[in-house]
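Chemist: One-letter residues, chain by chain:
There are 2 protein chains.
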Amino acid sequence: MSQPKPSLSKPTPLSGFPELLPAERFVELQVIEQLRTTFELHGFAPIETRAAEPLDQLLRKGEIDKEVYLLRRLQADSEDSGEAGPGADANTLGLHFDLTVPFARYVLENAGKLDFPFRRYQIQKVWRGERPQEGRYREFTQADIDVVAKDALPFHHDVEVARVMAEALSCLSFLPPLRLQINNRKLIEGFYRGLGAPDPAPVMRVIDKIDKVPPAVIATMLVEEAGLDDEQAQLCLRLAEIQAQDTSFVERVQALGVSHELLSEGLAELAAVIDGCASVSTDRLVVEADLRIARGLDYYTGTVFETRMSGYESLGSVCSGGRYDSLASDGRTTYPGVGISLGVTRLLMPLFGRKKLTANRSVPSAVLIALPDEHSRVRCDAIAQELRRRGIATEVAPTPQKFGKQIRFAERRGIPFVWFPAQPELQDDALGAPTGERADEPQDEVKDIRSGEQVPADAATWTPPLEDLRPQILTSGD
Amino acid sequence: MSQPKPSLSKPTPLSGFPELLPAERFVELQVIEQLRTTFELHGFAPIETRAAEPLDQLLRKGEIDKEVYLLRRLQADSEDSGEAGPGADANTLGLHFDLTVPFARYVLENAGKLDFPFRRYQIQKVWRGERPQEGRYREFTQADIDVVAKDALPFHHDVEVARVMAEALSCLSFLPPLRLQINNRKLIEGFYRGLGAPDPAPVMRVIDKIDKVPPAVIATMLVEEAGLDDEQAQLCLRLAEIQAQDTSFVERVQALGVSHELLSEGLAELAAVIDGCASVSTDRLVVEADLRIARGLDYYTGTVFETRMSGYESLGSVCSGGRYDSLASDGRTTYPGVGISLGVTRLLMPLFGRKKLTANRSVPSAVLIALPDEHSRVRCDAIAQELRRRGIATEVAPTPQKFGKQIRFAERRGIPFVWFPAQPELQDDALGAPTGERADEPQDEVKDIRSGEQVPADAATWTPPLEDLRPQILTSGD
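Residue numbers (my numbering), protein chains in the order written: chain A, 1 to 478; chain B, 1 to 478.
Bear in mind the hints are in silico, worked out from the structure with no lab data behind them. None of these values were measured; they are calculated from a predicted model. One or more hints might be untrue.
To be verified - To be clear about the criterion: a stretch of chain B counts as covered by chain A if any three or more of its residues have a C-beta under 8 Å from a C-beta of chain A, and this derived list gives those stretches:
no., stretch
1, 12-21
2, 117-128
3, 236-245
4, 361-374
To be verified - Some chain B residues flagged as far from chain A (calculated, every beta-carbon gap over 12 Å):
no., residue
5, L387
6, Q423
7, D448
8, S451
9, L474
Said to hold, decoys possible - Result set (EDC-like, lysine to aspartate or glutamate): computed pairs, CA atoms no more than 20 Å apart in a straight line:
no., chain 1, residue 1, chain 2, residue 2
10, A, K10, B, D115
11, A, K10, B, E109
12, A, K125, B, E48
Note that CB positions come from ideal geometry on N, CA and C, so glycine has one too.
Working from the sequences, and respecting the hints, build out all of it.
Modeler: Structure (structure tokens):
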């Protein structure tokens with residue numbers, strides 16, 4: 001029978017396409033499970049969209065064209081050649097680079113079958129062809145929540161998505177402290193208009209650079225690029241300095257002496273979001289108004305969110321979003337939405353990379369059944385099956401090595417318990433003296449290989465401590 | 001502020017890229033959860049591989065090149081142009097078309113960090129550019145389990161993967177009955193050699209067509225294409241007719257009077273797998289020896305698996321796999337493996353398409369908190385939060401419509417319970433007479449909108465029946 005061609009020498013990783021070892025994947029899966037649980041408790045329904053979208057849909061926003069991965073079939077026919085010639089965009093497919101564009105398309109495509117307001121969560125891979133660096137990947141997982149409505153979406157949903165994501169993040173207790181920073185586009189646009197800026201858009205673009213550029217340079221840019229005078233520029237800088245974990249920011253903004261209808265509206269909205277999140281805010285997850293946040297070129301029209309991870313500020317925002325007055329539109333109906341997107345990979349990979357985060361075992365198994373000899377396999381399988389029936393992940397040793405070797409087999413994988421099936425030989429084994437009172441009838445025994453404690457056990461009733469049932473997340477400090 | 005360009009009219013689905021409505025996605029997620037649970041109970045560790053592999057890796061097997069989707073960055077530079085010119089294959093990326101090729105690469109790449117034998121499961125999307133039809137998609141989800149070892153992999157792992165997948169399938173009790181059909185390449189190769197076939201490979205290729213071509217034609221093909229005489233051809237057909245849910249097939253094969261060392265080995269292995277699965281086999285999941293199964297051009301070297309879904313035979317096999325003596329090799333070390341791959345999308349989409357399978361609600365919420373007026377939102381949120389704290393998915397009505405409308409809101413989504421916060425107005429509401437004994441203090445009430453039963457309730461203690469906690473899978477018969 002023919003065999004595959006002999007494979008190459010050891011393959012090397014692809015830059016920008018991170019992969020995890022099993023222990024790390026346990027952490028990622030627990031994060032995803034925790035996120036799902038929180039989202040579902042709040043009534044968010046799961047959807048998943050296909051990985052590919054027509055190129056013309058992907059390029060609707062126009063700015064990120066260089067990041068798209070196009071698809072082409074190796075033996076392409078004319079129907080879907082993947083060539084990006086003029087007019088071919090509707091037939092050319094590209095991989096989605098976020099979950100918002102596909103969600104907007106999904107809403108339009110299924111509008112007749114969905115009930116609005118529609119709350120959804122979506123946890124999926126996305127792809128961007130940009131230069132890889134820490135915190136920037138070519139393939140990565142996002143976890144998005146959005147609420148979308150037909151025609152009008154009440155403001156309280158802005159509060160809701162902030163609170164739900166804050167609650168989800170606060171459940172991820174093994175992460176470094178996070179700051180969920182909230183602002184409002186109406187507030188800043190109203191402020192810029194109120195102080196007489198000729199156009200608020202360039203002001204916002206300059207202020208968006210405030211984390212990378214010194215204030216004096218920002219002030220000059222505001223004069224040169226946004227047409228402000230020095231005093232206006234200083235007011236913009238003072239606005240951007242305002243941060244507060246309560247609604248005290250309202251008075252501080254008002255004290256700057258600028259007034260505009262849109263500013264008042266934005267202040268009231270931002271105060272409502274900050275108030276609404278007060279009960280979720282903790283030391284580990286601070287929710288605060290931060291009037292620097294602008295979300296650059298994204299088309300938000302009200303609330304905007306960013307999130308920084310303490311000690312990992314260079315990653316930029318790990319969780320961002322905001323309100324769109326028109327998330328989608330089919331010409332007749334407009335669908336406003338508000339949402340927030342968590343960069344799961346961006347959050348976790350730097351922690352994995354610095355060995356700050358892993359799991360305490362590389363297999364799900366809580367128990368290894370030691371195999372005395374190959375003839376005992378059926379009996380060992382039966383013990384394992386009895387434990388599994390009660391939800392205890394169990395594997396049987398692959399070969400009947402000496403028990404010492406089988407214990408080391410468990411140790412290497414982090415399996416906490418080794419189970420010794422009853423047998424006469426056991427009492428002569430090198431494992432040491434029999435433990436405790438032993439009945440005449442030989443009994444199974446189970447050993448906690450961390451403490452060395454070994455006790456008689458019955459597969460029908462023995463249960464490990466709850467914390468040993470599944471792999472546990474381990475963190476290491478600085 | 002600028003807005004996105006007005007979007008197009010209603011988008012249409014992409015053929016071959018199936019997407020689910022939320023109720024269907026609940027079903028898929030429960031299937032995936034159930035699979036994960038079974039796999040982990042048996043000690044299989046989760047991994048996920050990147051979606052993209054170098055083209056030369058994807059084409060190693062040679063047969064399925066036309067199905068690969070190549071990736072190309074829209075603004076490609078020379079480093080990863082995605083052009084499939086000569087010698088470019090190592091830099092060209094394509095989407096993986098199965099989970100076996102990436103797993104083999106992952107094993108080689110991480111061999112130093114993995115413990116062998118390595119049991120892994122992997123549930124992920126894969127992509128194939130083939131013509132879409134029912135059961136054949138361009139994007140679909142596979143759930144694979146494999147055990148891989150260094151140098152040698154004991155045979156009992158063949159029994160293990162069959163049993164684990166059989167157990168996983170038997171947990172999916174809402175599926176039509178399934179038949180897991182098992183054969184062994186050594187058995188059929190030994191049989192063909194034993195009866196004097198000049199080359200077993202063409203015999204296997206012809207026998208692989210047995211479901212599509214009448215026996216008389218197969219017999220002719222065996223003579224013309226595989227160089228057999230009529231008697232040999234008849235023996236091959238008689239072998240292929242043998243099916244058994246126990247090890248009685250051994251005697252039936254022996255009765256054909258062919259003998260060969262490889263045949264005996266194959267018979268013993270197949271008997272061991274069938275024996276090992278006897279405890280898992282039920283009416284709904286039959287495990288049987290089926291001596292037609294050959295797995296065509298795949299490079300299996302022992303046990304082979306296929307699975308048919310009753311009433312959906314035209315889908316072909318929904319769950320397939322087998323033993324590879326060389327799953328991967330880096331020239332120095334060979335990694336034998338045995339695995340089986342379930343087509344999650346292939347299993348579910350035809351059932352969704354024929355309205356045989358869905359969930360009983362489109363949202364996770366078990367409870368809708370009715371909103372008497374906008375001022376009550378804070379109080380309603382507090383009730384919802386109290387329920388969520390105890391694991392009860394809850395949403396608050398988006399607008400203070402009349403209660404009748406709010407009940408219909410819940411009904412449309414399949415939310416079973418509507419919660420009415422205590423308030424004086426409730427007693428005058430059109431919902432009917434107050435139920436039961438009412439204390440002087442107004443109390444919250446909860447209504448099961450299916451039965452109409454409404455009872456006083458306390459958010460700190462009330463719990464819905466277990467079956468209402470999460471969306472339930474609904475099946476409809478023929």
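Chemist: Taking each numbered hint in turn, which are not upheld by the structure, reported in ascending numerical order?
Modeler: 3 and 5
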